[in-house]
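Enquirer: What follows is each chain in one-letter form.
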Amino acid sequence: MTEAGDAHEPREVPQRVVVRRDPTRATGLRPVSELAERTPVGDAYLRSLIRAQLLLSLRMLVVLVTMLTSVPLLLILWPGLRRATVGGVPIGWFALGFAVYPMLVLLALAFVRRANRTEAEFVDLVGDPRSDQAAGARQS
Amino acid sequence: MLLTAATPDATTSVVAIALAILVTLGLGAFGVRKGHTASDLFVASRSVSAERNAAAICGEYLSAASFLGVAGLVMKFGADMLWYPISYTAGYLLLLLFVAAPLRRFGAYTISDFAEGRLGSSAARRVASVLVVLVSMCYLVPQMRGAGVTLRVLTGAPYWVGVLLVSATVTVNVATGGMRGITFVQSFQFWLKWAALAIPTMFIAGHFFAHRERWPAAAGAVDVWSKPIDSSLSLVRYPAYTLVSFVLAQMLGTLGLPHILVRFYTNPDGPAARRTTVFVLSLLGAFYVFPPILGVFGRLYAPGLLASNSTDTVVLLLPQAVFSGLIGRLLTGLVACGAFAAFMSTASGLTISAAGALSQDLLSGDKRGFRVGAVIVGTVTCLVGLRVATVDINQLVSWVFAIAASSFSPLIILGIWWRGLSARGAIAGLVVGAGLATGSVGLTLFGPNLTGWTRIALAQPASWTIPIAFATMVGVSKLTPQTRPKDVPGMMLTMHAPEALGLSRNYR
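Protein sequence lines, in the order shown, are assigned to chains A and B.
Okay, so the first sequence: first residue is 1 according to the numbering used here, each after it adds one.
Okay, so the second sequence: first residue is 1 according to the numbering used here, each after it adds one.
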């Protein structure tokens with residue numbers, strides 16, 4: 001969905017119009033109706049959404065695993081680090097006993113922001129049923 | 001400073017525990033008047049805010065293992081044990097990444113509902129229900145054990161008194177209370193547990209700094225204790241396997257805990273489920289900072305527990321080991337209260353899940369069936385709890401997570417993200433994964449004395465049972481595409497399309 005995100009920039013607008021209009025012309029349905037009617041075009045829209053969300057989740061998973069394994073790896077690669085302390089607490093204890101929790105929350109917030117944005121863009125792409133006129137106005 | 005064999009003053013503990021039980025029963029009874037029938041519960045769910053829901057999830061999740069076990073393990077084994085709370089917490093990040101919003105949108109109330117709705121198969125539902133009962137009851141046992149040990153340590157009462165007390169309280173509360181009551185109780189109990197660790201920790205920390213004490217165990221034989229991960233990852237042997245296997249079990253097991261997933265249903269929509277999960281992560285972080293600190297203080301102020309091999313009582317005994325007189329007694333009372341809150345809240349959620357699955361799929365399915373189910377669950381786990389007085393709490397809990405991780409987590413993850421999942425594939429994966437994990441646990445507990453790799457692999461089975469469960473689900477699904485449910489695209493649409501599009505359908 002990052003391409004769709006770029007679509008907000010002015011120079012990308014022509015491409016976006018093509019994406020939105022083609023299925024409309026082919027079947028006479030708006031994309032949201034394609035989804036509701038389970039047409040192949042609608043299914044393609046859905047697959048692209050699921051794919052984008054899954055890739056986002058997997059990327060975040062990689063970040064999580066990297067974050068968690070980095071502490072022991074650093075301590076193994078630089079044994080001298082083990083003598084370092086933060087306020088009297090050995091650095092490994094500080095990282096794993098305290099610092100890791102705010103990091104997890106930050107990661108969660110970053111994910112939620114992106115996931116919600118992906119969904120908002122999807123609604124934008126297929127047309128929000130509550131704003132038919134707005135969508136129509138933008139298309140013409 | 002040294003802890004002697006003397007039993008700490010029992011009066012405050014008795015009062016505190018009685019208070020915890022009465023408040024739990026009282027709040028439950030208060031909640032009953034608010035919401036009574038299933039549809040009331042459904043409506044009530046919309047009035048629960050994300051913050052309170054998150055506190056309720058944490059209240060239900062933080063069990064005896066978190067409240068007592070983590071500090072004891074850190075005290076005994078050192079920095080490596082910090083991975084326990086980390087993986088207990090990071091499991092919710094996985095839940096957020098792969099499960100929370102789609103599962104909420106699907107509208108399944110329990111894991112059994114999800115299995116039936118997603119796979120269009122009542123056989124899958126029954127298998128899932130049997131596993132829900134198994135996992136919930138296995139998880140109840142350590143709570144009972146925690147209660148028995150706590151009461152014995154603090155008051156000198158026999159082990160069975162605590163087991164019976166918690167068992168009876170929880171069964172009565174669940175059999176008479178509604179979900180709304182439980183949400184109240186659970187969120188209250190999170191904050192009680194938090195305070196019961198935070199306040200004593202701060203007091204002891206004050207003592208620590210006032211006496212200008214140093215970080216304990218800086219040299220000699222305890223070197224391994226003070227250096228994180230040294231003992232596990234630098235030696236590529238058993239410890240590394242055990243650690244990885246354990247972390248996998250905790251993280252993926254969290255996705256499949258029946259009493260936790262029910263809570264996500266009380267979110268109005270997918271984005272709210274995400275918001276709730278972020279709150280959960282924050283609250284768990286705020287909680288899990290404390291047990292390791294208490295473990296470290298335990299090494300400093302109550303080293304006697306190491307010698308007597310009873311470190312999982314350190315949270316209970318530390319306040320009176322540091323402070324004599326009134327402060328020590330009051331702090332002990334607070335901790336006792338928190339400990340019982342931990343046992344009762346987790347046990348309530350588990351009893352609800354197990355009784356619900358029992359009544360829906362094996363008994364009458366109405367309110368009376370639910371009550372009978374609750375009584376059955378309470379009685380059976382109480383009887384088992386009486387017999388496990390010597391097994392380590394965290395060991396018991398990690399097995400439960402291994403079973404859930406090897407059965408429910410593949411079902412939920414594949415069900416949400418993979419169109420190809422078939423009913424037969426899911427059932428095969430559930431049976432194989434849960435069977436292997438349960439078998440390993442059974443062999444470890446009751447089997448012959450094994451040695452070497454076999455023993456290690458069976459004692460911490462998750463890192464081979466989870467991949468086997470996933471592979472079985474995928475493989476059998478590919479072989480039996482005819483048992484795929486109808487309208488998979490519609491289900492995918494319901495789970496993944498934003499609510500604003502108004503495209504969701506009801507598959508329950």
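None of these hints come from the bench; they were simulated from the model.
Since the model is a prediction, treat every value here as computed from it, not as a measurement.
Keep in mind that a hint or two might mislead.
Here chain B is said to cover these stretches of chain A; the calculated rule only asks that three of the stretch's residues, wherever they fall, bring their Cβ under 8 Å from a Cβ of chain B [as the list claims (entries may be wrong)]: (1) 39-52; (2) 56-67; (3) 101-114.
Note that CB positions come from ideal geometry on N, CA and C, so glycine has one too.
Enquirer: Taking 8 Å as the Cβ threshold, is the statement that the stretch 56-67 of chain A is covered by chain B upheld or broken by the three-residue rule?
Expert: With 4 residues closer than 8 Å to chain B, the stretch 56-67 of chain A meets the three-residue bar; holds.
Enquirer: Go check the stretch 101-114 of chain A versus chain B for me, would you? Three or more residues, Cβ under 8 Å, otherwise it fails.
Expert: holds (count 9)
Enquirer: Per the coverage rule (Cβ-Cβ under 8 Å, at least three residues), is the stretch 39-52 of chain A covered by chain B?
Expert: Three-residue rule met by the stretch 39-52 of chain A, so holds; n is 4.
When the structure is compared with the earlier hints, no violation turns up for any of them.
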